[in-house]
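**Student:** Sequence:
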Amino acid sequence: MLINPFLMFGLTFLSVLFFYQLGLSGLYFKDEGSVTVFLMVIFAIISMAIGFVFHPLSRFFIERKLINFSLKYKKNYSLYILLIGFALECLNNGGIPLLMVLKGQVYDYTQFGIKTFHVFYMGYLSAAAVINIERYAYTKDKKYLKIPAVAILVTILILNRGATLLIVFPMGLMLIALMRSKLTFRHIFLTFIAIIAFIIMFGVLGDKRMSSSGYDDPKAILQIGEADPVFNVLPSGFFWTYLYATSPMANLIHQESVANLSMGTVDDFLAATIYPDFVSKYTDAELSEKYDLKKITPELNVGTGFSMAFIIMGFAGGWFLFLWFILITAFFMYANRYTYFSSACATLTSMAIFMSFNNMLVFSSCVLQLIFVTVLTRFRFNNTLII
49 MLINPFLMFG LTFLSVLFFY QLGLSGLYFK DEGSVTVFLM VIFAIISMAI GFVFHPLSRF
109 FIERKLINFS LKYKKNYSLY ILLIGFALEC LNNGGIPLLM VLKGQVYDYT QFGIKTFHVF
169 YMGYLSAAAV INIERYAYTK DKKYLKIPAV AILVTILILN RGATLLIVFP MGLMLIALMR
229 SKLTFRHIFL TFIAIIAFII MFGVLGDKRM SSSGYDDPKA ILQIGEADPV FNVLPSGFFW
289 TYLYATSPMA NLIHQESVAN LSMGTVDDFL AATIYPDFVS KYTDAELSEK YDLKKITPEL
349 NVGTGFSMAF IIMGFAGGWF LFLWFILITA FFMYANRYTY FSSACATLTS MAIFMSFNNM
409 LVFSSCVLQL IFVTVLTRFR FNNTLII
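Using my numbering, you'd call the opening residue of the sequence shown number 49 and step up by one each time.
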């Protein structure tokens, strides 16, 4: 169930709507956007229904023993590619980002990396991590844990929390799904502790990044987000998590209230919501300037994966994007049914969950991660794996 992208899409959006309605941020207006709320509930229900229909089939491919030619080969280029790529990116940046921030230097994570190369590197890094976790889950050979560990370390060192989540989420979902029969209370307890630790670290990194961006208050996020007093006694990571989870929905709902819908053309809709961003930034680089997300506050600048669809083509745009999500998900599940099905499903499930934050269907690293999982696992060079 955990690596069922259709089911998790529905559960995620219903959960986000529930927590949004709690109103634990003074920025939220719970009586806004009734049509938007209704439509998102419909999307969630339809997706969950599809998930229940596909569950028996997906379970068959997930639970079968992995029989794949790639496990026959002992050599793998992945570790070398990850280390060399990281070294090149840091040389281009003039240092390791985490160390730069700890020294008090100003650092903008959006500017990190070698142009174009960085997009492919991050997609490869994520794919390699997830694939090797699947290999570990089936073989129990700890050598397959090296690459996921290096991948996570790289994302921490470059202070890219989004990339960390896109690796940790699918890996965690896959391990729990594939090894659930061996889970004990101790495993569950340790998982809970790990989640709490991750939330706290998520907040620490967020506070550090805000400080490096010029904010004097180390917990400025509590003031910016008008946090409920309950968060004053908790580590800032809990409010960071609440805002990350619910503010995109608040922004999406806000578009209906300010009549910021149906503002564009079909061509712009395709460029903004369907084409991968490494394509659209060359075909129409001014999209973000043409269509403005009306934010509840300037610092919270995303509106779920559906915001641009709603702004450009209204509620019809929301329907088109939802159907595209269903189609893309079904395609990659089918394409990987006899190879790394669990890796593909775990990646798709993570994308489905994070659609509540941003449009992962155009996010270059996600798109390339799926392509690399689907394509590179089928090839080898000189009897050596390339991923």
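It is possible that part of the hints are untrue.
Claimed, not checked - The calculated lysine-lysine pairs, modelled on DSS-like cross-linking and capped at a C-alpha distance of 30 Å, are:
id : residue 1 : residue 2
1  : 230       : 191
2  : 338       : 230
3  : 191       : 123
4  : 342       : 256
5  : 256       : 163
6  : 230       : 190
7  : 194       : 123
8  : 194       : 256
9  : 267       : 256
10 : 256       : 188
11 : 267       : 342
12 : 188       : 267
Hint data in this document are derived by calculation from the structure and do not stem from the laboratory.
**Student:** Give a verdict on every hint.
**Tutor:** Here's how the hints hold up against the structure:
Taking the CA atoms of residue 230 and residue 191, the gap is near 20 Å; set against the 30 Å cutoff, the hint holds. Taken as a hint, the residue 338 and residue 230 pair is broken in the structure, with Cα atoms around 52 Å apart against an allowance of 30 Å. Under the criterion of a C-alpha separation no larger than 30 Å, the hint pairing residue 191 with residue 123 is consistent with the structure, at around 11 Å. The suggested pairing of residue 342 with residue 256 holds, with an alpha-carbon distance near 27 Å, which does not exceed 30 Å.
A hinted pair counts as satisfied when its Cα atoms are at most 30 Å apart, and residue 256 with residue 163 qualifies at roughly 25 Å. In summary, the hint linking residue 230 to residue 190 is supported, as the alpha carbons are separated by about 17 Å, within the 30 Å threshold. With a C-alpha separation of about 13 Å, the suggested pair residue 194 and residue 123 falls inside the 30 Å cut-off, and the hint holds. At most 30 Å may separate the alpha-carbon atoms for a hinted pair to count; residue 194 and residue 256 meet this at roughly 28 Å.
Of the pairs offered as hints, the one joining residue 267 and residue 256 holds, with about 9 Å between alpha carbons and a cut-off of 30 Å not exceeded. With a CA separation close to 37 Å, the supplied pair residue 256 and residue 188 exceeds the 30 Å bound. Only pairs whose Cα atoms come within 30 Å are accepted, and residue 267 paired with residue 342 is accepted, the gap being roughly 25 Å. A C-alpha spacing of about 42 Å is found between residue 188 and residue 267, which places the hinted pair above 30 Å, so the restraint is violated.
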